[in-house]
Amino acid sequence: MEVDHLLTGLRLIRSYFSEDQLQTPVLQFIKENLQNVEVVRSEDEHFDLRWKDEAGNLSTYDANDVL
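Just so you know, we're using this note's numbering here: the sequence shown kicks off at 1 and counts up by one.
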């Protein structure tokens, strides 16, 4: 059930993007459209999204800490 819910959400999100946007590499899209977000590689080789504050400092918030 959870997988079906996730797939439905991903399809809905995808429907909001144009074909050109879907062809854009995700890191490029983030840099061009989400200036207050930085992609950071974690110690376990995963990539995390970190919010920048007004001063440009990256947050130390980790979504895994609240799950």
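Because the hints were derived from the structure by calculation, they are not lab data. Ideal placement from N, C-alpha and C gives every residue a C-beta, glycine not left out. Check before you lean on any hint, since a few could be wrong.
[As the list claims (entries may be wrong)] Cβ pair distances, simulated, as ranges:
(1) S18 to N57: 24 to 34 Å
(2) N57 to E19: 17 to 27 Å
(3) I13 to W51: 14 to 24 Å
(4) N33 to L7: 33 to 43 Å
(5) V39 to Y16: 36 to 46 Å
(6) V39 to L10: 15 to 25 Å
(7) R11 to L34: 18 to 28 Å
(8) D53 to V3: 29 to 39 Å
(9) D48 to F17: 36 to 46 Å
(10) N33 to L6: 37 to 47 Å
(11) Q28 to W51: 31 to 41 Å
(12) L7 to E54: 29 to 39 Å
(13) E54 to D4: 17 to 27 Å
(14) Q28 to L58: 18 to 28 Å
Q | Whether the CB-CB distance between S18 and N57 falls inside 24 to 34 Å | A | holds, 33 Å
Q | Assessment of proposed distance window 31 to 41 Å (beta carbons of Q28, W51) | A | This hint is violated: roughly 19 Å between Cβ atoms.
(Q) Tell me if the beta carbons of N33 and L6 are separated by a distance inside 37 to 47 Å. (A) violated, 23 Å
Q. Taking the beta carbons of L7 and E54, is their distance inside 29 to 39 Å?
A. Taking Cβ atoms as reference, L7 and E54 lie about 37 Å apart, which means the hint holds.
Q. Per the hint of 36 to 46 Å, is the separation of the Cβ atoms of D48 and F17 within bounds?
A. At 22 Å between Cβs, range violated.
Q. Do the beta carbons of V39 and L10 sit within 15 to 25 Å of each other?
A. Given range 15 to 25 Å: holds, Cβ gap about 19 Å.
Q. Is it true that the C-beta distance of D53 to V3 lies inside 29 to 39 Å, as the hint says?
A. Cβ of D53 to Cβ of V3: about 35 Å, so the range 29 to 39 Å holds.
Q) How does the Cβ-Cβ distance of Q28 and L58 compare with 18 to 28 Å: does it lie in that range? A) holds, 19 Å
**Q.** Assessment of proposed distance window 14 to 24 Å (beta carbons of I13, W51)
**A.** Holds: the Cβ-Cβ distance is about 19 Å, inside 14 to 24 Å.
Q: Just tell me: holds or violated, for the beta carbon distance of N33 and L7 against 33 to 43 Å?
A: violated, 24 Å
Q.
Verify the CB-CB distance for V39 and Y16 against the hinted window 36 to 46 Å.
A. About 21 Å separates the Cβ atoms of V39 and Y16, which means 36 to 46 Å is violated.
Q. Honestly, do N57 and E19 meet the 17 to 27 Å range at C-beta?
A. For E19 against N57, whose Cβ atoms are near 36 Å apart, the range 17 to 27 Å is violated.
Violated hints, listed in ascending order, are 2, 4, 5, 9, 10, 11, 13; each of the other numbered hints is respected by the structure.
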